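2 protein chains.
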Amino acid sequence: MKPNLAEKLSYHMEPDAFRRFGYAVVDWIADYYKSIESYPVLARVSPGDVRASLPPKPPQQGEEFERILEDFAQFILPGVTHWQSPNFFAYFPCNASGPSILGDLLSSGLGVQGMLWATSPACTELEALVLDWLVDALGLPKQFLSTSAGGGVIQDTASSASLCALLAARERATNFESNRTGIRGRLVAYASAQAHSSIEKAVQIAGIGRENLRLMEVDEQFAMRTEALAALIDKDRKAGLVPFFVCATLGTTSSNAIDPLPQLGPICRQHGMWLHVDAAMSGTAALCPEFRHIQHGLEYADSYCFNPHKWMFTNFDCDCFYVAERKVLIQTLSVLPEYLRNQATESGAVIDYRDWHIPLGRRFRSLKLWFVLRHYGIQGLQFHIREHVRLAQEFASWVKKDPRFELVVEPPLNLVCFRLRAGDDENQQLMDALNRSGDLYLTHTKLNGRFTLRLSVGQTNTSEQHVQRAWRHIAEQASRLLISA
Amino acid sequence: MKPNLAEKLSYHMEPDAFRRFGYAVVDWIADYYKSIESYPVLARVSPGDVRASLPPKPPQQGEEFERILEDFAQFILPGVTHWQSPNFFAYFPCNASGPSILGDLLSSGLGVQGMLWATSPACTELEALVLDWLVDALGLPKQFLSTSAGGGVIQDTASSASLCALLAARERATNFESNRTGIRGRLVAYASAQAHSSIEKAVQIAGIGRENLRLMEVDEQFAMRTEALAALIDKDRKAGLVPFFVCATLGTTSSNAIDPLPQLGPICRQHGMWLHVDAAMSGTAALCPEFRHIQHGLEYADSYCFNPHKWMFTNFDCDCFYVAERKVLIQTLSVLPEYLRNQATESGAVIDYRDWHIPLGRRFRSLKLWFVLRHYGIQGLQFHIREHVRLAQEFASWVKKDPRFELVVEPPLNLVCFRLRAGDDENQQLMDALNRSGDLYLTHTKLNGRFTLRLSVGQTNTSEQHVQRAWRHIAEQASRLLISA
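Sequence lines, in order, name chains A and B.
Each number in my numbering corresponds to the 1-based position in the first sequence with 5 added.
Each number in my numbering corresponds to the 1-based position in the second sequence with 5 added.
Hints were generated in silico from the structure; no laboratory data involved.
Watch out, some of these pointers could steer you wrong.
Note: identical chains are not told apart, hence a pair may lie in one copy or across any two.
Claimed, not checked - Calculated pairs, DSS-like style, for lysine-lysine (alpha carbon to alpha carbon, straight line, at most 30 Å):
(1) Lys332 - Lys147
(2) Lys405 - Lys451
(3) Lys240 - Lys147
(4) Lys406 - Lys451
Since this is a predicted model, take the numbers as computed values, not measurements.
Same shape as in the complex, but just chain A (with noise of 0.2 Å):
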């Protein structure tokens, strides 16, 4: 036989380098977790700074793997912000861990793609399978469940379910004739105005138009009033208008509102509309049976989302959607094309999650949270949820004592809400103060019309001195701001 050149040129890395350099980029992340603290938490850099350390052009020979992750140390790192410090209170969390990174890297190194049970049968039934112990961890209603009439989906995020969401309503809502024809009525959407702005997003995206998206005021705890949806719901009846989707928040992401199910739910049964419930971060507290009241009234559902990439130590992206009608959303989303076409999925003893989202392909997101399920199990995940509940709680009463200071709406969880006794700008100035010290990094939204601190305890491992150490900053910068002023 003659040697083939072409069989012996590669450019791939073999399986030998990839673990050695795999081992280095594993000691790099652990290293990085050991030493994350001593990094300013908000990245530093001016506008193009990151792209201006980068050569303007890809290189034409491939360069050595060690380089790479030099440069990445080098270059990339000084603009990361760190969303895994204990000391990031900003947004809502996005927190990972160990046993989810590493299922993620499984996920990786298979390379499946789910896009039906046929392609990768683990894939999918794993995923299901998850889902369900997800449905039982968290005391979800039983119409949940994959061995019900409904059950549930990995997405990537909360946008994505929410407009799954509202597409599935828009096409129970008439008689399934809105992908066919497109929208023809005058279909009208309802959420609080602290609801999420995807919700107003997805309204745009499916052609509702966000003049029918009726955005409502809230009470003084800021969840929706429920006499309000009613009232809205008649009127626009009345105008011959056809109100078909109700999107409830459990948490909303400015103050942690909870709408209220078990007075929503009986109006939407009532008036026929479809009850989509967003729980996006919120929702990984019912793991612990004395939060799950914040569920009540959850069996009028349809559609429930929450994120495990949020507070739950699964690293993004991870978005669990449930539906209580699977063949309404599968009706909704399929179209099958001949090459899709396999027996399993003619059999229809399958699920083929495809049609469960709008992409068409799909990672392996189920191992991520299998790993964290495992690891932890529900009582070591409820230790932590209850941790950061009980920290937040904590920051609470200090700030309630002191008296520069004032708490806009008791924390419901983790998140806590407060301004100094002050205008607008001094607590701009104080943000902005704290978040450049590199210290901690928190971020802001407005209540009542005024600028408003949000502290939100969820970091994977965030713990009691992190918490005592961000007040501490807190109360000094405010010391100082007010000195100065």
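Fit chain B to the given chain A structure using the hints.
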């Protein structure tokens, strides 16, 4: 100081444990790639098998990591279809590589969420840079550079990218009214009957309606007929409809057909229609100047997408989506709530990628693409792409020489469509027998109404020997089938 029990008790995997278990997962992946050809390519489980092997309820107590990894190998792996096997010739590839897997691991480890420039400047700036690098490497029109009025963004899949293109087109065609009012007119979209199913899905999602999508007949190469498009647009305009969007495909899923951009482009310009170009798989070929002819006429495009997660050794998910005028896309998809406001956004000096796609949250996906481009260099990527095309062409020459088979169409690149000169049933039987053997995996389509086998060459480690062996198996199986018939 009294000892704080809460601080001591933690269920998290500490950095040194992460290091140890990380090595174990890296080892598992390295060994997997060494032994990957020992597994049947297509999983052999029956519906329900994987699930039945796992406990119906989540564990209350956490478990040892070693145990989780063992269970993965014992219960999950048998249900995996080996997309990374060099004997995987089904669908389009979803190829991964060492540098990509490690770049993705680093992304999981950092755990940043790059929705805004401010939430991790490096995540945004590296993405913009790497997408500009690809404009250079692929010879794409300059209008797609982020340093022009356009720019690129990483999306999960081409399905999502095409939906975003359609939404921007819808908004532009309605003078930016459709987001506000919903769909009122009769917008009409056009694609060839061979376009990907995601176009139909997008038209449904966007409220345009399937009956306002014209899926046009194709020519003998399965490409869009320009005259047919022009005639249909005229007819629709005369009927008072509003033609607004054309999706052209470079490399259709069924047969890799190339729609003629130099002819389609001027028609779109003439009628002010949005031209979106979907090159999900074949776009990567343009790394090689000799294959760049497929994208002649791309300067007419308003948007373009291709998937490094298909053929550019970058693990799922990674679709590169480019627009010529980013302000149209941003105006279509931007919703700015108070809690996302920040100085960098307001300065106008930065990209906030959340306004470039449907989800709000986003992963640091450019890291894996940067790792791939630097590890291989353009020359390394070109080498492997050329090899894949050469092997597919060689396979086609064997098909042509065997009188029992016919080539259904000349393969433009790396996808070969062929069939036994026999009925659909025989071809289905041939495919099923091959897939059952575990030696290789290939899938089918219908062309000219007839069952057609597809051999897609693009898996990272597929080399001459694998394609030779695939052909030997196919020829032998055909002999058995024709004898027994």
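Exercise. 30 Å Cα cut-off: does Lys240 pair with Lys147 within a copy, between copies, both or neither?
Worked result: neither (34 Å within a copy, 52 Å between copies)
For this session: Up to 30 Å between alpha-carbons, please classify Lys405 paired with Lys451: within, between, both or neither.
Result: within (19 Å within a copy, 70 Å between copies)
Exercise. Given identical chains, is Lys332 near Lys147, meaning Cα to Cα at most 30 Å, within a copy, between copies, both, or neither?
Worked result: Result: close within a single copy only, 16 Å intra versus 45 Å inter.
Exercise. Between copies, within a copy, both or neither: which fits Lys406 and Lys451 at Cα up to 30 Å?
Worked result: within (23 Å within a copy, 73 Å between copies)
Hint 3 from the earlier list is the only one contradicted by this structure; the remaining hints agree with it.
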